[in-house]
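K.L.:
The lines below spell out each chain.
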Amino acid sequence: MSLKIVVLAKQVPDTRNVGKDAMTPEGTVNRAALPAIFNPEDLNALEQALRLKEQHPGSTVGILTMGPPRAGEIIRQGLYRGADTGWLLTDRLFAGADTLATSYALATAIKKIGNVDLVIGGRQAIDGDTAQVGPQVAQKLGLNQVTYAENIVKVENGKATIRRVIDGGAETVEAPLPVVVTVNGSAAPCRPCNAKLVMKYKYATCPLERPANPSEEAGPDRSELYATRPYLTLTQWSVADVDGDPEQCGLAGSPTKVKAVQNIAFQAKESKTLTASDADVEALIKELLNDKIIG
Amino acid sequence: MDNVFVYVEIEGTQVQEVSQELLTKGRKLANELGVALHAVVAGTDIRGKVEDQILPYGVDKLFVFDGKGLFPYTSAPHTDILVNLFKEEKPQICLMGATVIGRDLGPRVSSSLTSGLTADCTQLEIGSYEDKKAGKTYENLLYQIRPAFGGNIVATIVNPDHRPQMATVRSGVMQKAVYEGTCAKEVVYPEVSKYVSPEAFVVKVLDHHVEKAKHNLKGAPIVIAGGYGMGSKENFDMLFDLAKVLHGEVGGSRAAVDAGWLDHDRQIGQTGVTVHPKVYIACGISGQIQHIAGMQDSGIIISVNNDPDAPINKIADYVIIGTVEEVVPKLIKYYKQNTK
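Each protein sequence line maps, in turn, to chains A and B. Counting along the first sequence from 1, when you hit position 218 you're at 218 in the numbering used here, and nothing is skipped either side. Counting along the second sequence from 1, when you hit position 234 you're at 234 in the numbering used here, and nothing is skipped either side.
Take the hints with a grain of salt, since some may be wrong.
Claimed, not checked - The calculated lysine to any residue pairs, modelled on SDA-like cross-linking and capped at a C-alpha distance of 25 Å, are:
| # | chain 1 | residue 1 | chain 2 | residue 2 |
| --- | --- | --- | --- | --- |
| 1 | A | Lys159 | B | Tyr335 |
| 2 | A | Lys257 | B | Tyr138 |
| 3 | B | Lys90 | B | Gly172 |
| 4 | A | Lys272 | B | Tyr335 |
| 5 | A | Lys4 | A | Gly169 |
| 6 | B | Lys204 | A | Lys257 |
| 7 | A | Lys154 | B | Lys204 |
| 8 | B | Lys185 | B | Thr339 |
| 9 | B | Lys90 | A | Val258 |
| 10 | A | Lys202 | A | Arg70 |
| 11 | A | Lys269 | B | Tyr138 |
| 12 | B | Lys218 | A | Ala170 |
Said to hold, decoys possible - Listing some non-contacts, in silico: residues in chain B with all C-beta distances to chain A over 12 Å:
| # | residue |
| --- | --- |
| 13 | Lys61 |
| 14 | Tyr179 |
| 15 | Pro190 |
| 16 | Glu234 |
| 17 | Thr339 |
Treat the hints as calculated values from the structure; they're not laboratory data. What you are looking at is a predicted structure, and each value in this text was computed from that prediction instead of being measured. C-beta: ideal position from N, C-alpha, C; glycine also.
Chain A on its own, in the form it takes in the complex (with noise of 0.2 Å):
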């Protein structure tokens, strides 16, 4: 049985390593100075879809993104790793989404793309880390969803067997087909960009992303290539396309409003600075004795 399988995939800002200009000195994000990155647990998730489509030969594994243009390339690196195809959602009127908005545009698009057997993402991205977006789409859809995957063991006879993560524990579970999974990280590593695959589709991209007036300092004038290679085009949707309501979109679809947003600061302490010294720590560990701190 072949599968048509969707991937939720999100460009993040790499918030795991934050140097010290990532932080604007009135404490906002620069998000500039953060590098733009696949959400590592969508990489985990694409790694399922990919074997499953090696399992079940015929089937199909596309990329669903949302975010700007340049978010395409979110696309490409599936594209490079074995992914058929990818589709990004992209409009101002998806902006300033909460998990529920995204969730909505999502899931507009996934009935769009149509006759979904699995729809796998990440279970959470690193910029948010709500892990929201899964269970909420599958809800929009009225489908099952199996949350903190790390393997989905087999496909078959319209079922999917899935192991997943408990807190404390595991368990395998099994749901019918189509099915809503998100994947853990402690899933099996994506495999890496396939040298031919990357050839073919360097040059992969949605409209928006090329230049509207090509030179040197745009980009180079590639139409002709597009013109001959119709799989260098790259799907992008607007909220139009998808046939999606604006109101459930972006900043107006978002229940959750941010009302404040706050740099930490710690409140320093009066500490005691000691040396190593073999004085300095048995006095320490008398004062801590003596206050019945330890004992």
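Could you slot chain B onto chain A? The hints should help.
P.N.:
Structure of chain B alone, referenced to chain A:
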């Protein structure tokens, strides 16, 4: 209407500590708002076995859903219970643990009810909110305060127009306490089939396996934590020796876990365990914000670091400038010498 609800999580018939912590917090919020605290629990053969683990935390009314297929947890039946119960009860606030279950259930329920949900809150407060664009002021909203952007900022989130205001909180962030005041402690046992559709049971749990925690890091009065500055697995193992003599537990920063020196379940910080020990000894930990978020409420903080400018030193009560190889054995030696 307008009450505070806590979804109570169970493993078999054991109520999870995180739920008791949230009941304690929920009681405080309910008192501040002048409303009741309600709790909801769902499982199989739990009637008569879970009530005493829930009511003492200040519950006015407990809804016990007891039926086949409600344990082990699966998403759809528990979602049906909360969604249909909330349609009747119309709570203003719903809290649940930021556990695997809470983070699976919360978003599904919030999406069904089109209400806002904030994950992994570290503080919950009541306050007002002014929507300047709409020229409208809201009173008594739930401030859902959480770290964002990998812990580099703290955001206060509100849900002005949608109910319930939903939030998840990690285990250990709030502290549980049996409620001293009076509350109604009513228990009801609704008919499960009136809330859950038969189609909700299509996902089958073939195997469910939970191990007892190997350590009590969360509740330990003394925590010894190591970071990347420990340098090697061998050096890191010295911390287990120190913990043994001090009767403490060992934890570590994400860097130490990533280096493979420590099990993942011992990671302290925003994405790990939150601890409140009497004494916290940080060895070779620089003090990234995401780590400090998980230990800043410790009683006495001792930092062992050869870098006098390590950020963690700012919040430490004692800073020992030196290498861990030198200092840790001395801590063991002088503790033993002085406790004979």
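K.L.:
Evaluate each hint against the coordinates.
P.N.:
Evaluated hints:
1. The suggested pairing of Lys159 of chain A with Tyr335 of chain B is violated, with an alpha-carbon distance near 59 Å, which exceeds 25 Å.
2. Straight-line distance between C-alpha atoms of Lys257 of chain A and Tyr138 of chain B comes to about 12 Å, which keeps the hinted pair within the 25 Å bound.
3. Proximity of Lys90 of chain B to Gly172 of chain B is assessed by CA-CA distance (about 28 Å); at most 25 Å being required, the pair is judged violated.
4. Among the hinted pairs, Lys272 of chain A with Tyr335 of chain B is consistent with the structure: their alpha-carbon atoms are about 19 Å apart, no more than 25 Å.
5. A distance of roughly 31 Å separates the Cα atoms of Lys4 of chain A and Gly169 of chain A; the hinted pair therefore is violated under the 25 Å criterion.
6. With a C-alpha separation of about 37 Å, the suggested pair Lys204 of chain B and Lys257 of chain A falls outside the 25 Å cut-off, and the hint is violated.
7. Only pairs whose Cα atoms come within 25 Å are accepted, and Lys154 of chain A paired with Lys204 of chain B is accepted, the gap being roughly 15 Å.
8. The suggested pairing of Lys185 of chain B with Thr339 of chain B is violated, with an alpha-carbon distance near 48 Å, which exceeds 25 Å.
9. At most 25 Å may separate the alpha-carbon atoms for a hinted pair to count; Lys90 of chain B and Val258 of chain A meet this at roughly 24 Å.
10. Distance hint between Lys202 of chain A and Arg70 of chain A is fulfilled; the C-alpha atoms sit about 14 Å from each other, no more than 25 Å.
11. Taking the CA atoms of Lys269 of chain A and Tyr138 of chain B, the gap is near 37 Å; set against the 25 Å cutoff, the hint is violated.
12. Proximity of Lys218 of chain B to Ala170 of chain A is assessed by CA-CA distance (about 21 Å); at most 25 Å being required, the pair is judged to hold.
13. The Cβ of Lys61 of chain B sits about 26 Å from the closest Cβ of chain A, beyond the 12 Å cut-off, so the non-interface label holds.
14. Listed as outside the interface, Tyr179 of chain B is consistent with that label: its C-beta sits roughly 26 Å from the nearest C-beta of chain A, beyond the 12 Å cut-off.
15. Residue placement check: Pro190 of chain B keeps its beta carbon more than 12 Å from all beta carbons of chain A (closest about 22 Å).
16. Here Glu234 of chain B stays apart from chain A, with its beta-carbon at least about 19 Å from theirs, past the 12 Å limit.
17. At roughly 7 Å from the closest C-beta of chain A, the C-beta of Thr339 of chain B falls inside 12 Å, breaking its exclusion from the interface.
In the structure shown, a violation is registered for the earlier hints numbered 1, 3, 5, 6, 8, 11 and 17, in ascending order.
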